[in-house]
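Colleague: Please put together the full structure from these sequences, using the hints given.
2 protein chains.
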Amino acid sequence: MGGRVGFIGLGIMGAPMARHLLAAGFPLTVHSRSPGPVDALVEAGAGRASSPAELALTSDVVVTMLPDTPDVEHVMLGDDGVIAGAAAGSLVIDMSTIDPGPTRAIAAQLAARDVDMLDAPVSGGERGAIDGTLSIMVGGADEAFARATPVLQAMGKNIVHVGPSGAGQITKACNQLVVAATIETVAEALVLAERSGVDAAKVREALLGGLAGSKILEVHGQRMLDRAFEPGFRARLHRKDARIVLDAARAAGSPIPAFEVVAAQLDRLVDDADRGDLDHSALFTLLDGA
Amino acid sequence: MGGRVGFIGLGIMGAPMARHLLAAGFPLTVHSRSPGPVDALVEAGAGRASSPAELALTSDVVVTMLPDTPDVEHVMLGDDGVIAGAAAGSLVIDMSTIDPGPTRAIAAQLAARDVDMLDAPVSGGERGAIDGTLSIMVGGADEAFARATPVLQAMGKNIVHVGPSGAGQITKACNQLVVAATIETVAEALVLAERSGVDAAKVREALLGGLAGSKILEVHGQRMLDRAFEPGFRARLHRKDARIVLDAARAAGSPIPAFEVVAAQLDRLVDDADRGDLDHSALFTLLDGA
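Those protein sequence lines, which keep their order, are chains A and B. In short: position in the first sequence from 1, add 1, done, that's our numbering. In short: position in the second sequence from 1, add 1, done, that's our numbering.
Hint data in this document are derived by calculation from the structure and do not stem from the laboratory. Hints are supplied without guarantee of correctness; some may be wrong.
You can't tell identical chains apart in this list, so a pair holds if it fits in one copy or across any two.
Mimicking EDC-like on lysine to aspartate or glutamate, the simulated pairs with C-alpha atoms at most 16 Å apart in a straight line are [claimed, not checked]:
1) 241 - 72
2) 216 - 206
3) 216 - 268
4) 203 - 219
5) 158 - 132
6) 241 - 280
7) 203 - 143
8) 158 - 127
9) 241 - 272
10) 158 - 206
11) 216 - 61
12) 241 - 275
13) 241 - 261
On a predicted model such as this, the values are computed, not experimentally measured, just so you know.
Modeller: See the structure below:
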């Protein structure tokens, strides 16, 4: 396999990730809906492709970073999609956070054309994308993972091959389940402290060193104390991910009674309270203002 | 104030805590319902009192470590209770985990006799009690806290004075809220991984370093993977603490929508599944077996 990389989806996450690939010396072609980020990458040395199919024609590895499941389906399988241009033996790495079920279906369609696909969603947010320190959870075949590793290493640090196709998306869903539920839980505890007349900052401090300790209590607990809800990770994106969790749990027949309440709180925050552009730690505001 | 300490309640937690007081050189008198642990402490050098009142008569500081709210009310305020023997100017430290509301009421009754009371519940479990490394969350007046500090330091390490009377119990309630909810959440995520055909051990590993990371994911996540549910902290004790959380939230008018589900899961585990003597991480078994 050659080292020509194509990158589709130059959003807040994708643009800095693509820059890391350029900086690592990969010959890079890019494609995105908005022309601005494409122009910026072309100025930095990347080639431009007018469609996913054209990009795939000249790439050994195609990386996608897109908002949601329908976007990935369209870019991969639509007219002028990756599947129309990708050569047999090429590799696709989807780093979007999407539904595990459709992920496996897309991978199967690509496999029928002898194109390997990995699902490789990330955590670490815009900061991690800019710093090249994303955590990457990978699903797919061993051989494809081995081929992808140099590309992934240019963008992330903690790269775990979790299992077969879809396993990366399942892992990301588990991550988003735990993160949202822990935010809700920490918020419930800190509001209980405040409403009971106890200094919530001291409660956070007392809890941090023990069994109740978590990264969320540390980082988002402090945001709650400071009422500092500028994003960070927008609540509406976490709500999208919560739907992926609900779909995955339904598909697996796996009970998630506490998370169902958390998902409903995210719906309330985005739809009823219209706070979808605040940080996900703004779940606190639903309790604090109640 | 003299340094004579009385200790009431020589259970799994209380007995090793009392031993630390002896080892630290405090003249110690003990009282407990079961004669066995009293005999053992007397053999080690403690004096014996036949009632809480008698114990209080000869103690400058009375420490209590009892199962539940009614036990503390009875020992403090009943016939032959601490209140009947405690001298004006003496200090009571209740280290039990009980309701914040009744705690304040007991403290007020003792204050009317010029007896100070601190609520000082602990976390760290039997291991922490034996090692003298308990975390202690203290509510009460500054001056009482200062007097209590040498006594508390003999039993614990991370000693935080959170606020006025009841603040220690509120903090403990917040702790138990977060711990139980995080256990439930981690269980929901790991069962989702397993039912989706993904190696839950790899999911735990992938999540530990990031935002989803917590002490619970580390310790209880591993218990879940190993199906190692011998206690540890018994589910029936956490169910008792969940009721304290529910009471405290009701009293404060504080919403706890996700924790309500967690409390119901603890009820199911103890009452329906009859697994109250397993570790609280056995919340996992309700999902795993569903």
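Colleague: With reference to the structure, classify each hint as holding or not holding.
Modeller: Structure-based check of all given hints:
For the homomeric pair residue 241 and residue 72, the shortest alpha-carbon distance inside one copy (13 Å) is at most 16 Å, but the shortest distance between copies (49 Å) is not. Both within a single protomer and between protomers do residue 216 and residue 206 lie at most 16 Å apart by alpha-carbon distance, with minima of 13 Å and 15 Å respectively. Taking the shortest Cα distances, residue 216 and residue 268 never come within 16 Å of each other, neither inside one copy (24 Å) nor across copies (28 Å). In this assembly of identical chains, the alpha carbons of residue 203 and residue 219 lie at most 16 Å apart only when taken from the same copy (12 Å versus 24 Å across copies).
For the identical chains of this complex, residue 158 and residue 132 are intra-copy neighbours only, at 10 Å inside a copy versus 38 Å across copies, given an alpha-carbon limit of 16 Å. For the homomeric pair residue 241 and residue 280, the shortest alpha-carbon distance inside one copy (14 Å) is at most 16 Å, but the shortest distance between copies (34 Å) is not. Taking the shortest alpha-carbon separations for residue 203 and residue 143, only the inter-copy value of 15 Å comes in at or below 16 Å, while the best intra-copy value is 48 Å. Proximity of residue 158 and residue 127 under a CA criterion of 16 Å is satisfied intra-copy only: 14 Å inside one chain copy versus 39 Å between copies.
For a Cα distance limit of 16 Å, the shortest separation of residue 241 from residue 272 inside one copy, 12 Å, qualifies, whereas the shortest one across copies, 36 Å, does not. In this assembly of identical chains, the alpha carbons of residue 158 and residue 206 lie at most 16 Å apart only when taken from different copies (14 Å versus 30 Å within one copy). In this assembly of identical chains, the alpha carbons of residue 216 and residue 61 never lie at most 16 Å apart, being 38 Å within a copy and 42 Å across copies at closest. When the C-alpha separation of residue 241 and residue 275 is checked against a cutoff of 16 Å, the pair qualifies only within one copy, where the shortest distance is 15 Å, while the shortest distance between copies is 38 Å.
For the homomeric pair residue 241 and residue 261, the shortest alpha-carbon distance inside one copy (14 Å) is at most 16 Å, but the shortest distance between copies (24 Å) is not.
Hint check: violations occur at hints 3 and 11; the rest are consistent with the structure.
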